[in-house]
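*Asks:* In order, the protein sequence lines correspond to chains A and B. Number 407 marks the last residue of the first sequence (this note's numbering); no jumps. Number 407 marks the last residue of the second sequence (this note's numbering); no jumps.
No wet-lab data here; the hints were simulated from the structure. Nothing here was measured: the structure is a model prediction, and the numbers come from that model. All C-beta atoms in this analysis are idealised placements derived from N, C-alpha and C, irrespective of residue type, glycine included. Be aware that a few hints might be false.
Listed next, the in silico DMTMM-like pairs over lysine to aspartate or glutamate satisfying Cα-Cα at most 20 Å (straight line) [said to hold, decoys possible]:
# : chain 1 : residue 1 : chain 2 : residue 2
1 : A       : K98       : B       : E88
2 : A       : K275      : B       : E355
3 : B       : K5        : A       : D168
4 : A       : K125      : A       : D276
Just a sample of chain A residues kept apart from chain B, beta carbon distances all over 12 Å, derived [as the list claims (entries may be wrong)]:
#  : residue
5  : D17
6  : I56
7  : E195
8  : V200
9  : K203
10 : C213
11 : G238
12 : P281
13 : D305
14 : D336
15 : G346
16 : G360
17 : I400
Protein chains: 2
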Amino acid sequence: MRYSKLFPKTLKEAPHDEVAINAKYLMRGGFIDKLMAGSYTLLPLGWRVIENINTIIREEMNATGAQEVLMPLLHPKDIWNETGRWDEAKDVMYQFEKNEKHFALSFTHEEIVMDLIRKHVTSYKDLPLAIYHFSTKFRNELRAKSGILRGREFMMKDLYSAHATEEDLMKYYWEVADAYLRVFKRVGIDAIITEASGGVFTKEHTHEFQAPCEVGEDTIYIADSWKHAKNDEVMTDGDRTAPGLKAIKSIEVGNIFPFGTAKYAEKMGGMFTDKDGQRKPVWFASYGIGPTRVMGTLVELFHDDRGIIWPESVAPYQVHLIGIMSNESGIKEKADKVYELLTAEGIEVLYDDREDVGPGQKFADCDLIGIPVRLVVSAKTGEQVEWKKRKEEKTELLSIPQILEKL
Amino acid sequence: MRYSKLFPKTLKEAPHDEVAINAKYLMRGGFIDKLMAGSYTLLPLGWRVIENINTIIREEMNATGAQEVLMPLLHPKDIWNETGRWDEAKDVMYQFEKNEKHFALSFTHEEIVMDLIRKHVTSYKDLPLAIYHFSTKFRNELRAKSGILRGREFMMKDLYSAHATEEDLMKYYWEVADAYLRVFKRVGIDAIITEASGGVFTKEHTHEFQAPCEVGEDTIYIADSWKHAKNDEVMTDGDRTAPGLKAIKSIEVGNIFPFGTAKYAEKMGGMFTDKDGQRKPVWFASYGIGPTRVMGTLVELFHDDRGIIWPESVAPYQVHLIGIMSNESGIKEKADKVYELLTAEGIEVLYDDREDVGPGQKFADCDLIGIPVRLVVSAKTGEQVEWKKRKEEKTELLSIPQILEKL
Chain A
1 MRYSKLFPKT
11 LKEAPHDEVA
21 INAKYLMRGG
31 FIDKLMAGSY
41 TLLPLGWRVI
51 ENINTIIREE
61 MNATGAQEVL
71 MPLLHPKDIW
81 NETGRWDEAK
91 DVMYQFEKNE
101 KHFALSFTHE
111 EIVMDLIRKH
121 VTSYKDLPLA
131 IYHFSTKFRN
141 ELRAKSGILR
151 GREFMMKDLY
161 SAHATEEDLM
171 KYYWEVADAY
181 LRVFKRVGID
191 AIITEASGGV
201 FTKEHTHEFQ
211 APCEVGEDTI
221 YIADSWKHAK
231 NDEVMTDGDR
241 TAPGLKAIKS
251 IEVGNIFPFG
261 TAKYAEKMGG
271 MFTDKDGQRK
281 PVWFASYGIG
291 PTRVMGTLVE
301 LFHDDRGIIW
311 PESVAPYQVH
321 LIGIMSNESG
331 IKEKADKVYE
341 LLTAEGIEVL
351 YDDREDVGPG
361 QKFADCDLIG
371 IPVRLVVSAK
381 TGEQVEWKKR
391 KEEKTELLSI
401 PQILEKL
Chain B
1 MRYSKLFPKT
11 LKEAPHDEVA
21 INAKYLMRGG
31 FIDKLMAGSY
41 TLLPLGWRVI
51 ENINTIIREE
61 MNATGAQEVL
71 MPLLHPKDIW
81 NETGRWDEAK
91 DVMYQFEKNE
101 KHFALSFTHE
111 EIVMDLIRKH
121 VTSYKDLPLA
131 IYHFSTKFRN
141 ELRAKSGILR
151 GREFMMKDLY
161 SAHATEEDLM
171 KYYWEVADAY
181 LRVFKRVGID
191 AIITEASGGV
201 FTKEHTHEFQ
211 APCEVGEDTI
221 YIADSWKHAK
231 NDEVMTDGDR
241 TAPGLKAIKS
251 IEVGNIFPFG
261 TAKYAEKMGG
271 MFTDKDGQRK
281 PVWFASYGIG
291 PTRVMGTLVE
301 LFHDDRGIIW
311 PESVAPYQVH
321 LIGIMSNESG
331 IKEKADKVYE
341 LLTAEGIEVL
351 YDDREDVGPG
361 QKFADCDLIG
371 IPVRLVVSAK
381 TGEQVEWKKR
391 KEEKTELLSI
401 PQILEKL
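Excised from the complex, chain A in its bound form (with noise of 0.2 Å):
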């Protein structure tokens, strides 16, 4: 991609009311837009590091066994009813009336797929059952001032799963658990498995992926004897006593919610005809990564004072070239050349091929972009390439097939 196509270019300031290093980062550096208080714009940068951290949640999920499907986000009223949650969610649940008829935005899907269950699964052959999609979520946050770590809208990974026996369930569970934690960790986060309340999912206890950070919201303890760290919200006053104890500032990345079959199942009918020929309640489940949310974990996690600093992983481009045009005749041209080359070799490159703008802005845009590589080609580099990577300070001369090779 030429830079000087790319849409928007970098700003020089994020608007004043931006106090979240995720969000001023991501605004100057052009990934995104703020359309309103927790709104935004996933431009053409944001968008591909989105879709790469998709791209790794998808082949995960598809490894489990999961299959990819699209539920809607605009709700009957009824639907809520069933389960209790049109009144218990009410505060988080933009809820409208059009027309006499009253809907809800999703904010979650555990109701959509239980009414998927009860109407497609018969018997415990159809189990068990796991489906997940990617899309919008809406909730009415009053405080949105996190970036794009708290918003009114945003993009969420939701996967559900169906079982025959508790023992199924429990155990596909842990299989979803360990996949997250793959997850997490190919995109650059050592998260931390964390036992916490269930709010108005469950009265369960549920576990939450803890990414530790100094600017999270959250707090989460961990000690010696424990298997998993525990949230404040389920500190019993033992607890708080126990030997090594330590408290960890952290970003919730991703949570996972083990329902059994109460909450949902008996309430909505959600019954499969086992091989015994009993009607039973399917063993239920559900699972949240949120991908714009962990896109601002990322840049909250590995930054400095002049911008991102992208885990290879999610980087929007592999390769940062900057072509620094000066009137020596020739330059524009290799650097032309060399974006040409890497490109043919199906290496994603970003080529900031602007005449008008000068090095230091070009240097600068660059590690505000924060792509792994950047590579120089000016009058001083001769016949050669300056190599950098953009959490180390050192450069070298190389040529294009130790370029090649590097990458």
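Fit chain B to the supplied structure of chain A, relying on the hints for placement.
*Replies:* Only chain B this time, still in chain A's reference frame:
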């Protein structure tokens, strides 16, 4: 994919309130599920069809130089007031109030794009600009009786372009028209470009892409001397006496709107500085294709009394493999082996491996689902495999190498 694992299985009957062929077959085949009138879940088979359609659209959009983004669905009232469409479009737009803020759900995104333009476009060097996204659209449809052809909620690929001059705009406008014709051709639709009115989008004439189809809601007219067809709405008395005039029932599968500068750029301040230093409004246009509507149109165009007949380019799988599991030993193993061989060659196979379902049901399900090629392994096929195309009656026995060559 093993059919025994696919969610969900076919249904014997579609719900009684569905009258449209597209909804009946898509629901019975397990492609979609209805949440409420005009609102459907895309189930795994349907999602695969939509992904195939979207990939074709994405390739053709990228080839025009357009860049992919994702814009919010929840919009503040203020932005719609700037063009007067909060009131103009209030019949189709879902609008509601929450915590003393007024919101609308996206039925289109011109205002949102113009907001991006006024924030990020400063000079003629930032033009042309073309961005698109695939996202959910909401329309307050009172009559939602055409299955997925007309929904309260549906998927749309919408593209927006901004240019420095009218000439640039119209050049790109017709490039997109060509790209749209290629998209429709590739998915199997011979679309007709049709002059139409602009509804709540513009007072100018616009162009629709119409797919001739007897169940279409639209009537278009062609005549010997006309370059393009005309929609009923724009016909003059003179037009109605044109030589060779012919009426065609059709389904609108796409539309393109050349706005100019007045309706959006001037009202919202979408300005740029031209080469001569003058501030001017951008020339603006938008373009839309509804992938879910395209899927429904394909079913209306390509079906028989047994089910759907998917064009190869969008079929959810390339091959539907049926194992006729008899008591004779070794049939299941042979069918499994064919499945593994084809899958290893990168062929997408739906494999009906069910052991408790008879051949009649399997053949009926196969015809209903409509994958282009049916392969059968049974006690009768010996070392070979029976090959049949969905749209032909002829069967033949082929070896695996012969099948690979045909695919």
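*Asks:* Please confirm whether D17/A is truly not at the interface, meaning its C-beta sits more than 12 Å away from all C-beta atoms of chain B.
*Replies:* Given a closest Cβ separation of 14 Å, the condition holds.
*Asks:* Once the closest CB in chain B is found, is it more than 12 Å from C213/A?
*Replies:* holds (25 Å)
*Asks:* Please settle this one: V200/A was flagged as non-interface, so is its CB more than 12 Å from every CB on chain B?
*Replies:* holds (17 Å)
*Asks:* Regarding the assertion that I400/A does not contact chain B, is the least Cβ-Cβ distance greater than 12 Å?
*Replies:* holds (26 Å)
*Asks:* Take the C-alpha atoms of K5/B and D168/A, compute the straight-line distance between them, and say whether it is at most 20 Å.
*Replies:* holds (16 Å)
*Asks:* Taking the shortest Cβ-to-Cβ distance between K203/A and chain B, state whether it exceeds 12 Å.
*Replies:* holds (27 Å)
*Asks:* Hey, does G346/A actually stay past 12 Å from chain B on C-beta?
*Replies:* Holds, because the least Cβ-Cβ distance between G346/A and chain B comes to about 16 Å, which exceeds 12 Å.
*Asks:* Quick check for students: does the CB of G360/A sit more than 12 Å from each CB in chain B?
*Replies:* holds (19 Å)
*Asks:* Confirm or reject the statement that G238/A sits farther than 12 Å, beta carbon to beta carbon, from all of chain B.
*Replies:* holds (40 Å)
*Asks:* Compute the least Cβ-Cβ separation between E195/A and chain B, then decide whether it is above 12 Å.
*Replies:* Given that every Cβ of chain B is farther than 12 Å from that of E195/A, nearest at about 31 Å, it holds.
*Asks:* Checking the smallest CB distance to chain B, is D336/A really beyond 12 Å?
*Replies:* holds (18 Å)
*Asks:* Was I56/A rightly flagged as not at the interface, with every chain B Cβ beyond 12 Å?
*Replies:* holds (17 Å)
Of the numbered hints stated above, none is contradicted by the structure.
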